[in-house]
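**Q** Assemble the complex: chain H is given as a structure, and chain C must be docked to it using the hints.
Going line by line, the protein sequences match chains H and C.
All residue numbers for the first sequence refer to our numbering, where the first residue is 1 and numbers rise by one.
All residue numbers for the second sequence refer to our numbering, where the first residue is 1 and numbers rise by one.
You can take every hint at face value.
Okay, the calculated beta carbon distance ranges per label pair: (1) Gly230(C) to Asp90(H): 51 to 59 Å; (2) Asp148(H) to Leu320(C): 23 to 31 Å; (3) Ser73(H) to Leu323(C): 53 to 61 Å; (4) Leu9(C) to Thr31(H): 55 to 63 Å; (5) Gly144(H) to Ser45(C): 53 to 61 Å.
Don't read these hints as lab results, they were simulated from the structure.
Note that CB positions come from ideal geometry on N, CA and C, so glycine has one too.
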Amino acid sequence: MRGIAGDPDASPRGTPSPQPSPRGGEGEGGTPPHPLAEFWHHFRRNTGAVAGLVVIVLLAVVAVFADVLAPHSPIAQYRDAILVPPVWQDGGSWTYVLGTDDIGRDVLSRVLYGARLSLLIGLIVVTLSLAVGLAVGMTAGFFGGVVDIAIMRLMDILLALPSLLLAIVVAAILGPGLFNAMLSVSVVVVPHYARLTRAAVLAEMSKDYVVASRVAGAGPLRLMLVDVLPNCTAPLIVQATLGFSTAILDAAALGFLGLGAQPPTPEWGTMLASSLQFLQRAPWVVTWPGVAILVTVLAFNLLGDGLRDALDPKLKR
Amino acid sequence: MLRFILTRLGLVVPTFLGVTLLSFVLIRLVPGDPIEVRMGERGVSPERLAELRHELGLDQPLWKQFLDYVGGVLSGDFGESLVTRNPVLGEFLALFPATIELAVCAMLFAVLVGLPAGIVAAVKRGTWFDHGVMGASLTGYSMPIFWWGLLLILFFSVQLGWTPVSGRLGLMFYVEPVTGFMLVDTWMAGDWDAFRSALHHLILPAVVLGTIPLAVVARMTRSAMLEVLGEDYIRTARAKGLREVRVIGLHALRNALIPVVTVIGLQVGTLLGGAILTETIFAWPGVGKWLVESINRRDYPALQGGVLLVATTVMGVNLLVDLLYGVLNPRIRHAR
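Just chain H, same shape as in the assembly (with noise of 0.2 Å):
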């Protein structure tokens, strides 16, 4: 954990400047360094957070490059290599490396194939939250009144179901499918990403530099967009960074129900709805899709964390 003996790094002048990067502002005139700087200082002392984004990035290299990485197609089906145990096992192959499921479809390649879906899952139902729900939260801040207040009973009604019976509910209204998945999935989670920008634009709102704007002249547009807007980004992209998270292992509960991705797509969650019952003779057809999803989900809550701690100035101690 983060060392409370005090930073190696302060300058010895003692000058009260915020905790000095290595790279600039010492020595010079005082400048204090860049943000960017100063913050990857922080984030990369934990190594928790370091991890998820390596994990992340490596990610997002299988995903991009599954075509390649991928020993065989996701859906090509060898009739003649059902359930092949993985190749420690005996009656495993090199060929397929972590084995077969129930209709010779090689699993690893399923796997790989799959992370490029999760993190598309996550990108989009992530964007589509976070725009609705910016868009939403700000009007609900900035004007107050009536409009807030409306606003806040929608969201509250929305919270008040549990979040995978929402998604449930949704999703069994649109259909199955993928894209449906995601939409039913990002209705769910944008009260949150509202109600977050809501209390930052309250706590702008109350600021100097937001009266000076608007005694300046400037339109709720642009003070939203232009002035309140930057000063909210951190906690949105922590919230957004663990809504990754959320995406995926709530995409993957809709696929295990049966209500997300279909039959053959490889999508994590289905590909478990369709291993249970081979759960006793090839247990390794449940596993290796788990795996992945807990290894993707750890490695964005890992991340969101880190952002998080580097992030919240009341931590910069």
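**A** For chain C alone, coordinates are given in the frame of chain H:
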């Protein structure tokens, strides 16, 4: 205090109406005419269709249908299941005790393990125990719980044979359902073999369902304790020479518990959501499994009623937690 209670209650009513509207609208959005869905493949003549629509009130304007529905809900009529033709409320209440039993045991597991873990992690901050607890918590809520359940079944039921795979009670036992809670019923009947069987069936699902609340409670307890341990009055207590156990157990814990209690209460929503997945894996005959089956069977009245009932339960518990928080923390109830 009364004002506080009334304000909180006042906030719940519009939310409840909103949730009712939401479930009403969502189900109405399902493609397909409800009557034709009922009639199935046989088809129905236009006159009969018009008759049925009038009977079911489907030819009324939507707002009137909604008001009728709300009226029905308030008098306990949540409609009938399309599949079993039984009242939805009746089906829900028959299955609810199973889910409650599971949720309560899961929460007990989460608190009994998470609370001490969080306290010790806070006291021994920075040690391997602390890192271990935090690492385990993070892993706990990064896992898909349906996969975790499958893994545990694989290990404990299939490989070790310690616990059964599904259901609430061994097939050879029959117990008169008095409360609907298997542990209570078997206890009351004095059937100790059945009680042990019920316990065995309960362990794995409770652990699986309780994993995420466990992670949350452990983290929350740790951070609350850390915050409290940094306060001046703790330093004073130590300076006065009080035993460390007393300082932590009495002075620190009491104040750290306030946010923890809130978090515990708020986990109810997570528990009911997670119950859906857990019950599916363990074939646990509760509300979650019933909801999933309703979706698969396109039993829309059951889905609508079930969603509303679950949401109402969650809101009710959140309200209780809010009030309890006001009781525990005087600053909240005198805030205005």
